[in-house]
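If you read the protein sequences in the order shown, they are chains A and B. Numbering-wise (the numbering used here), the first sequence opens with residue 815 and increments by one. Numbering-wise (the numbering used here), the second sequence opens with residue 815 and increments by one.
Treat each hint with caution, since some may be false.
Heads up, simulated SDA-like pairs for lysine to any residue below, C-alpha to C-alpha not over 25 Å straight-line [stated by the list, open to error]:
id, chain 1, residue 1, chain 2, residue 2
1, B, 827, B, 1036
2, A, 1032, B, 918
3, B, 985, A, 886
4, A, 886, A, 866
5, B, 1040, B, 992
6, B, 1040, B, 895
7, B, 938, A, 955
8, B, 938, A, 1028
9, B, 997, B, 937
10, A, 918, B, 933
11, A, 938, B, 884
12, B, 1031, A, 955
13, A, 1032, B, 1041
14, B, 934, B, 950
15, B, 1039, B, 882
16, A, 848, B, 1021
Please keep in mind that the hints were generated in silico from the structure rather than gathered at the bench.
There are 2 protein chains.
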Amino acid sequence: MVGQIWKAFPEQKIIYFGDTARLPYGTKGVDFVKRYSEKIIGWLLERGAEDIVIACHTSSALAGNHLRKRFKDIRISDMISLPAPKIAGSFSRIGIIGTPGTIKSKSWEKMLLQENPKIKIYSKACPLFVPLVEEGWINGRAAEEIAESYLKSFKNIDALVLACTHYPILKRLIKKRVGKNIKIVDPAEILANELKFKVKDKGESRFYFSDTPYNLKKISQLCLKKEIKPIITNPF
Amino acid sequence: MVGQIWKAFPEQKIIYFGDTARLPYGTKGVDFVKRYSEKIIGWLLERGAEDIVIACHTSSALAGNHLRKRFKDIRISDMISLPAPKIAGSFSRIGIIGTPGTIKSKSWEKMLLQENPKIKIYSKACPLFVPLVEEGWINGRAAEEIAESYLKSFKNIDALVLACTHYPILKRLIKKRVGKNIKIVDPAEILANELKFKVKDKGESRFYFSDTPYNLKKISQLCLKKEIKPIITNPF
């Protein structure tokens, strides 16, 4: 998400909190995700954040609405509520892939059908895609076999939504499996363009993590094409 | 580990704490693993535990010695300190597979070489094996490709140590890749036989988890061949 924001708003100052102590959120319970997402937003507000983006799809799916009710005075954008209407308006047979938490929540289904009840939706949890990216195996036979297992059921769709932060890194692999006729959609790109930041603070971005991030160098290169300087702090 | 303990001591009462809110420990930082392992042991002691087994290999590797110093009045067994001398006495060219945390700590190397400085040790982190088991993919082409990637470097070893709780579930797959001449060693089995419990409490075991466990039904069937009743509590 940071990469997509910087593409749309170069130099935008970002205060980032990655909950590496408790990740992955994709297999955690609903109450857990709500509780920690709430703590993190409170902490970011104390640090001067003026606009909140929930960059985790699982947190968006399980806690987005809850968080907007909890913090009424600030804009909280997530990976579903702004992108979904755009996607619903452009496609009619939509595949969704994400973490078990995101898929089980049916948040995408609800948002898309609210926009257009005629849309056909096919969804699939792909839990091995995140560790695959964290291992840096974005191609090769193991990656191809995993993609084959998860994606073989997608037939006759016109778009496939990558509803997890890590999946856009596997875009080429996914595209290869589903074929060129299916549009691969990254909600983070749509969201970044919709954000229209009011505050354009060009100060230095800060990247906080609740524990030493695993394989950070490789992952930040894959996601941002540059290295970041992590600040380790676990305030909860 | 629970399965191996019950095999050696049927009906032994177990108070289990699975830190599902913060798992996996295998990619977390050393300070984090020490801090939460300490909190968990304190909590188990409050609940009446009289003998502690660190059933997580990463916690054993990163925090075992620290925890024994911290809690001097109680026996704390881990997955390395009792099994390593047995393994060092039986083999001379030993492969170790485990999480990135366990492998990076070099705890196995230190313990084995302390027993016998002539042992040759070859180690490899296999981060995708845990999510593979949690997905229930214990065979099939994706599992075989992942095993091939991780295990192809093991040549001329006489034993391969499964230094992670989840790996024994992949024993058949691992055996198939490395061949029948290599002994597959599960430290949990050795530890269970070494424990010689003083207290044989036949009361009902309790299984606490800090968050709703993902895929519990499948995993408890794979590990224990029976279902368990989870109690969800996050005291930290």
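- Query: Does residue 1032 of chain A pair with residue 1041 of chain B here, judged by a C-alpha cut-off of 25 Å?
  - Reply: Roughly 39 Å separates the two Cα atoms, so the pair is violated.
- Query: Given the hinted pair residue 938 of chain A and residue 884 of chain B, is their alpha-carbon gap at most 25 Å?
  - Reply: violated, 46 Å
- Item | Restraint check for residue 1031 of chain B with residue 955 of chain A, where alpha carbons must lie at most 25 Å apart | violated, 30 Å
- Message: Next pair to validate is residue 938 of chain B with residue 955 of chain A; report whether the Cα-Cα distance is within 25 Å.
- Response: holds, 19 Å
- Hinted pair residue 886 of chain A and residue 866 of chain A, Cα distance within 25 Å: Roughly 12 Å separates the two Cα atoms, so the pair holds.
- Given hint residue 992 of chain B paired with residue 1040 of chain B - CA-CA distance at most 25 Å: violated, 29 Å
- Message: Check whether the Cα positions of residue 848 of chain A and residue 1021 of chain B lie no farther apart than 25 Å.
- Response: Roughly 24 Å separates the two Cα atoms, so the pair holds.
- Item | Proposed proximity, residue 937 of chain B with residue 997 of chain B (alpha carbon, max 25 Å) | Answer holds: residue 997 of chain B to residue 937 of chain B is near 15 Å, not above 25 Å.
- Verify the proposed pairing of residue 918 of chain A with residue 933 of chain B, using a straight-line Cα cut of 25 Å. violated, 49 Å
- Would the pair residue 985 of chain B and residue 886 of chain A pass a check requiring their Cα atoms to be no farther apart than 25 Å? violated, 52 Å
- With a cut-off of 25 Å on the C-alpha distance, tell me whether residue 1040 of chain B and residue 895 of chain B pass. violated, 29 Å
- Query: Are residue 1032 of chain A and residue 918 of chain B close enough, with their CA atoms no more than 25 Å apart?
  - Reply: holds, 17 Å
Hint compliance for this structure: hints 3, 5, 6, 10, 11, 12, 13, 14, 15 are broken, all remaining hints hold.
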